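Protein chains: 2
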Amino acid sequence: MRKVILIGAGHLAFHFYRQFLTCREVNLIQWYNRSLEKIDFAQSKVAVTNQLSQLKTADLYLICVSDDAIKSVSENIQNDGLIAHCAGGVPLNRLCGPSRKAVFYPLQSFTKGRDLSFNKLTFCIETSHPKDQILLEDLAKALGGVTHEFNSDKRAQMHMIAVLINNFGNHLLHLGSELSKKHNIPFHIFSLLIKETYQKALDNGPENSQTGPASRHDQKTINKHLEMLTDYDLKKLYLNLTTSIQKKHER
Amino acid sequence: MRKVILIGAGHLAFHFYRQFLTCREVNLIQWYNRSLEKIDFAQSKVAVTNQLSQLKTADLYLICVSDDAIKSVSENIQNDGLIAHCAGGVPLNRLCGPSRKAVFYPLQSFTKGRDLSFNKLTFCIETSHPKDQILLEDLAKALGGVTHEFNSDKRAQMHMIAVLINNFGNHLLHLGSELSKKHNIPFHIFSLLIKETYQKALDNGPENSQTGPASRHDQKTINKHLEMLTDYDLKKLYLNLTTSIQKKHER
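So the protein lines, in turn, are chains A and B.
Using our numbering, read the first sequence as starting at 6 and increasing by one per residue.
Using our numbering, read the second sequence as starting at 6 and increasing by one per residue.
Source of the hints: derived by calculation from the structure; they are not laboratory data.
Hints should not be assumed to be uniformly reliable.
Identical chains blur together in the list; that is why a pair holds if it fits in one copy or across any two.
Stated by the list, open to error - Below, in silico cross-link-like pairs of lysine to any residue (SDA-like), each with a Cα-Cα straight-line distance of 25 Å or less:
id, residue 1, residue 2
1, K253, G118
2, K240, E255
3, K76, T54
4, K159, K225
5, K241, N228
6, K229, N55
7, K186, G210
8, K225, D238
9, K240, R256
10, K159, N228
Note that the structure is a prediction, hence the values are computed from the model and not measured.
Sequences are here, hints too, so could you generate the full structure?
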């Protein structure tokens, strides 16, 4: 059973905490956060600290802090063992200090207080030593996940694609939800359409699932929509996305 | 039991055909398409024709043809009874001819050969006569759906929002899938992220679900992504969507 120390108390750290408690292969021996307030509740299950200098000796120090804090936190871990950060867009070499280094990035969007299964979750792993690769692969599997080996460059590409899919996708829903409110249309009526859109894209491939006025070059409907959009930014975005679709779906 | 005639043989018409066969409240008495080839297979279940002049007498003529063909098809239906088109972006008054007129628009993206439940499906209904409203509400319920009364203006807004959500959302996945291929990343590893993104937005509201470099004004990551995107159009789109997110999520 591996001794693990969790570092940070953001969305991801909370999910790791809960998952570690139920995972027989993991012995969570300590939880660090710079403010104790956020992790105090866990005292009955695990030792908590707000001093990096007081970290115990562990097999793995799992750093779940904001991208900008990864460097300084890692510099202050003076222990032997493996340190791994969990950020998609941050290279391995952002980690400093004397410990062995790795990346352990789960490809998912975690939210505190929202249940989310680790089953089949993809962990992107990068290490400097082959034995650490095995340690992290075992951990990912023990948590229910699957693993992929990615170097920092490839992981950066993957992170950018995740932004495109997740952040931009959610923003389209946000814009749709605001327009719905403006026109007194209950947004929940779009639920089935939203689910089917993404399920179809996953089943058949998004390149085979495109429909609508842009892909069929229906300029009459496009013009009508542009007239209906009174907000300049929204108009620009509509035009931009329509042009982008039309380049992929020529007449 | 209402006598219904189906007109057209596109994606939606195929789904109506299958659903009508299993619905006790509907008596599908005829199926019209300008080419018999597409509907010949149904001859054992329903009379088929490619002549609008040979349409039988029915309670409802359900027009499921392309937006541009709605006007000319409706002009050529010389029967009494109710004619209804099923297009989100087309006003009621596009229908011509002597019959009573209505719109019966299911808010979903149908694909031939892909199973899709009508359960809880939203039907947007517009009629000129109250008794037709009742007829179409009953039909929607018999099919398993729910109904909303929408006039043509409001339905046009709804249709535009559906384009934003469905067509543009699918396109983002398409762009993500292409980038994945380019960088040898298997696209299926994004599946769980995609599902969670949209489920979270539906559960918590997209306005409460925004994450990523744009919403936290992380200019370092944004610049890095813009450098990584070598395609000019994609760069423009990334910037455009990032700016749009930042306007909704100010520092």
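Hint check results:
Within a single copy, K253 and G118 get their C-alpha atoms only as close as 40 Å, which misses the 25 Å cut-off; across copies the closest is 24 Å, which meets it. When the C-alpha separation of K240 and E255 is checked against a cutoff of 25 Å, the pair qualifies both within a copy, at 22 Å, and between copies, at 21 Å. For the identical chains of this complex, K76 and T54 are intra-copy neighbours only, at 19 Å inside a copy versus 73 Å across copies, given an alpha-carbon limit of 25 Å. With identical chains, the CA atoms of K159 and K225 are at most 25 Å apart between copies only, with a shortest distance of 18 Å across copies and 42 Å within one.
Taking CA atoms no more than 25 Å apart as the test, K241 paired with N228 passes in both settings, with 13 Å inside one copy and 21 Å between copies. With identical chains, the CA atoms of K229 and N55 are never at most 25 Å apart, being 58 Å at best within one copy and 32 Å at best between copies. Taking the closest pair of Cα atoms, K186 and G210 come within 25 Å of each other only across two copies (12 Å); inside a single copy the shortest separation is 31 Å, beyond that limit. In this homomeric assembly, K225 and D238 come within 25 Å of each other (Cα to Cα) both inside a single copy, at 21 Å, and across copies, at 24 Å.
Taking the shortest alpha-carbon separations for K240 and R256, both the intra-copy value of 23 Å and the inter-copy value of 24 Å come in at or below 25 Å. For the homomeric pair K159 and N228, the shortest alpha-carbon distance between copies (17 Å) is at most 25 Å, but the shortest distance inside one copy (40 Å) is not.
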